[in-house]
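A.B. asks: Please arrange chain B on chain A, whose structure you already have, making use of the hints.
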Amino acid sequence: MIPILGDLRPPSLLSLQMSDKLRGYVEVRPEHGQPVNFLAVLSGAKPVMDDWVPRTQLARLTDMCADLGLVVLPDAQFRALPDQGAVSQVIGRGTLTTTRAYGHRLGDDVHDASVHVFIGADQATVERTLASGWYPLIIGGRANNKPWIDHLWFGQGLGYPECCLRAFAWSNNWTVNNMPYQAHRAIRTAPSMLCNSLMRFSGLTWAAHLPCSYDCPVTMSMSSALRALTYQHCPELAGWIDRLARAPYLVLNEWEAFAFAGARVTPGAIDYSGVTIAPSNRPNLALFEALTGGSRVELRDDLVVVLAADGDVLHVERTAADGFAPRIPFVLEFAS
Amino acid sequence: MTTTVEADSDLLHDTIYGWNVLRLEWICRALAAGIDDDDDEQERHRVFELRQTLAAAGPAAHPVLVDPRFGRWCAELTALIERDAPALLPAGRFRAACRDAGAFALAARFCRWRDRGQCRDGDPAAPPATVVRVRHDGRVPLPGTGWTLVPGIRHAGLDLTVSVAGDGFAAPGLPGLTVVAERASLPGLVASAGDPVDVAACAADPLLASGPPAVVVERGDDGDVLAVAAPGIAVVRAAASPTERAWHALAAAAQLRAVVQQARLFEQGAHPPEPAPEVAHLADAPQLIRLLMVYRQAVAACCLPDVPAGDNAEVQDKAGRALRSLAGWLGGGGQLSPLGQDLLSELAGHGLIGPAPSSRAAVSSVAVGGALRSGTAHADRLTAADPQLQHILTMLGSPDGIVVNTLSDGRSRADPTIDQLSLLRARSPERYQALARELVTPARCLAEELLLCHLAYVDERFGDAAAGYASLLRQLPHDIDLWRDFAFALRHLGEARLSETVVFRLGDVARAAVQAGVVPAGTGDGHQPPAGRWRTAPADLRRIIAVVEEVSRDSDPR
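Chains as they are written, first to last, in the working numbering: chain A, 1288 to 1623; chain B, 523 to 1080.
None of these hints come from the bench; they were simulated from the model. It is possible that part of the hints are untrue.
[Said to hold, decoys possible] Here chain A is said to cover these stretches of chain B; the calculated rule only asks that three of the stretch's residues, wherever they fall, bring their Cβ under 8 Å from a Cβ of chain A: (1) 678–684; (2) 926–935; (3) 1009–1015; (4) 1025–1033.
[Stated by the list, open to error] Listing some non-contacts, in silico: residues in chain A with all C-beta distances to chain B over 12 Å: (5) D1294; (6) G1379; (7) H1398; (8) Q1519.
[What the hints assert, rightly or not] Label-pair restraints from in silico Cβ distances: (9) A:Q1519 with B:T963: 48 to 58 Å; (10) A:P1369 with B:V653: 47 to 57 Å; (11) A:S1302 with B:V653: 51 to 61 Å; (12) B:E704 with A:A1556: 30 to 40 Å; (13) A:D1597 with B:P697: 21 to 31 Å; (14) A:G1394 with B:P1060: 29 to 39 Å; (15) A:G1331 with B:V962: 39 to 49 Å.
Note that the Cβ used here is the ideal one computed from N, Cα and C, for glycine as well.
The following block holds chain A by itself, in its conformation from the complex:
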């Protein structure tokens, strides 16, 4: 997974002013990954969150959470593939999702592994969420997947809105569909930054889940509460998330999204002065590079055309919707 690259790249979390409770968590997990979700769990707005911590930090996290009245339950260990694309020998590689890792038992001594943990206030709810929270891991050269219904139960455990879980059941199929595109199609009013989860692999979003639409009222309500909470605990972090969430985006699929700064959006085109790539384990760095050198991007059917300030075509990106992770280019301009 690459970090956020580009001119909307946020500062290090540890450099920000924040409440002691949040700092306790950030000192264990200094990445941007889950601080907002942690606040949501802490406040009771979210029943359970899952996270990944180095095994050496597990005891510290557990103690820190216990002090705050939270339970931490560990599951398997993940050891990330050195090359996220190198899965050609894995049986069932097509079923692996965004994070590709070898699985190890909790008791195994594995270098560079992270423990998948589940954090919440209520032991029984955390146990139930852990039971359905198995992540597809490579074990013995095979992808190991849970039954599909567990995804739904896991989403319920994490507190995702029912409407979004229904949409997930319909559209989150990477072999034939594209969930962000479907959420875009489902917009009835105007896209809201409170539903913008395009940067969710960075943790810097108000919505942690894939919304059923970018104007989902339930998501907006939940995100709004979380935003207010984050402004209380860490105003600077909240400001960065707002900045990322408000930017206009070019989206192709869950792997490929770009936020623009200094942007003016017209139908099918964005004029811009800066671009930021959303973290993903399959980022389109070639398109990012072209966008970085350009100042306008136009969508012409399945083609993404990047133009320089003088109108010269710098890059034409062909997209395809008939393979795994279908790519469909569209532009989202979020309202506050």
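C.D. replies: What follows is chain B alone, placed relative to chain A:
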């Protein structure tokens, strides 16, 4: 009452011609691709998902996907014809195919214009202008013409209105349009060796040489289009009778398969023949085409409102014979898609053909149990004991039975039914409940027993699910899908250690259970009885838990 007419609009012909060539390109590519097991699994899943999506798309159309291998392409063509179909992705490759179809339409117009010797400036009968969309590289190759339009990369993805003018082309919006003499290869048509195939070679292909195929458009009395048929695709109004739908689907299937066969022959002409099990069984293409002609005549005759009674019987008989031939061919090669199986059943239900052939190459449930209990053989799939259950298996993506997955099979999962049941429950609880009511206890066969276990899991009755899976594992100890479902049921029961043992030492537990399976049931099977909650569990569950416990106690050799 409906009438059948031949649609002969130039645009329709040109477009269908373009689509036909595109399909050929796609099929050639598919045949050359060498799909490995995993991809094939994905492809099947993808097509199955598409079918589910389309089935849920509403009453606007009843899309018929006639072949799992080519279903996606058919679905895209369906979307072109029936634009109301929601939930399809209207972009990407589909858009690119539309763009190519525009270029084919222009090329076809030009060729016909040139062949008729009518290349005169200002001819009042000159073909109308065609809108083409410029390719990503700023070019518009026109296959078969020897020309490529080069509006330039600035126009990539933009529309261009082009007329046939004199012996060339003109674009009113682009006076300086460059047209280069360039033999255009078919976009994307790549032979196995990776070299583009040029149009001259394609001229030897009977499909391309034969010109645009006829398109049958069926209209109602009020003139509304009721059905459109093109090679490999039938889009039939939702209100059509099952027989009507079946007839159209059969025609489409036959024509598509003929195209596949021709594509195959074409490929063999250019390259040494390679075994292609997917199509090797196909009957002789000309015979198929003849059958198709008979079928069309039969359909047309049946649709005529004023056929005399005596002739009608003869026509019906002729139609029946044609349908039986087609049905026999469709069912004869072991390649029938789930939908094809449904169609045969429908036709049989209407008395048009004999009973649908029983599932092929599958081991009967009775044989499975018997063979495994005696420890002499492995079953490869669990088949349905009756047509009702067969229908359920088909609906759950296992028309030929639920495949037993083993470590040596090289598949991550072979049984899709638990996931399909899960999706059904999430997407359509009413249909899920209706399906659940159709399953009975005690199960009539192993397939039904497995579905009942899956239902217990999806309904969160994890104790029942674990007991059921354990019972099946006594009979199918080598089935790794079963083991994993069992492990997840244990996980939900809070048995993290046992679940972990199964997931992380799948091979060890399967091997241990296979060995234990040949020991007669009873207390003397060599395993320590399990502790705690399992002491009062059903016997099979106790035994399987004992196997897992034993593996868990062994040190992990890894």
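A.B. asks: Determine for every hint whether it applies to the structure shown.
C.D. replies: Now the hints, each set against the structure:
Remark: the stretch 678–684 of chain B is confirmed as covered by chain A, as 3 of its residues place a Cβ nearer than 8 Å to a Cβ of that chain, reaching the required three. Figure legend: the stretch 926–935 of chain B, annotated as covered by chain A; annotation consistent (4 residues with Cβ-Cβ distances under 8 Å, at least 3 required). For a cut-off of 8 Å, the count of residues in the stretch 1009–1015 of chain B with a CB near a CB of chain A stands at 3, and the three-residue condition holds. Using a Cβ-Cβ cut-off of 8 Å, 4 residues of the stretch 1025–1033 of chain B lie near chain A, which meets the minimum of three, so the contact claim holds.
The claim that D1294 of chain A lies off the interface holds: its Cβ sits roughly 27 Å from the closest Cβ of chain B, which is beyond the 12 Å cut-off. Distance to chain B contradicts G1379 of chain A as a non-interface residue, since its nearest Cβ pair spans about 2 Å, not more than 12 Å. The non-interface label for H1398 of chain A is consistent with chain B: the shortest C-beta to C-beta separation is roughly 15 Å, beyond 12 Å. At roughly 36 Å, the least C-beta separation between Q1519 of chain A and chain B is larger than 12 Å, which holds for a residue marked as non-interface.
Taking 48 to 58 Å as the suggested C-beta distance range, the pair Q1519 of chain A and T963 of chain B conforms, at roughly 56 Å. Take P1369 of chain A and V653 of chain B: their Cβ atoms lie about 49 Å apart, and the range 47 to 57 Å holds. For S1302 of chain A paired with V653 of chain B, a C-beta distance near 56 Å keeps the hint of 51 to 61 Å intact. Restraint check, E704 of chain B to A1556 of chain A: a C-beta distance of roughly 31 Å satisfies the suggested window 30 to 40 Å.
At about 23 Å, the beta-carbon gap between D1597 of chain A and P697 of chain B stays in the expected band of 21 to 31 Å. For the pair G1394 of chain A and P1060 of chain B, the beta carbons lie near 30 Å from each other, so the given range of 29 to 39 Å is met. At about 45 Å, the beta-carbon gap between G1331 of chain A and V962 of chain B stays in the expected band of 39 to 49 Å.
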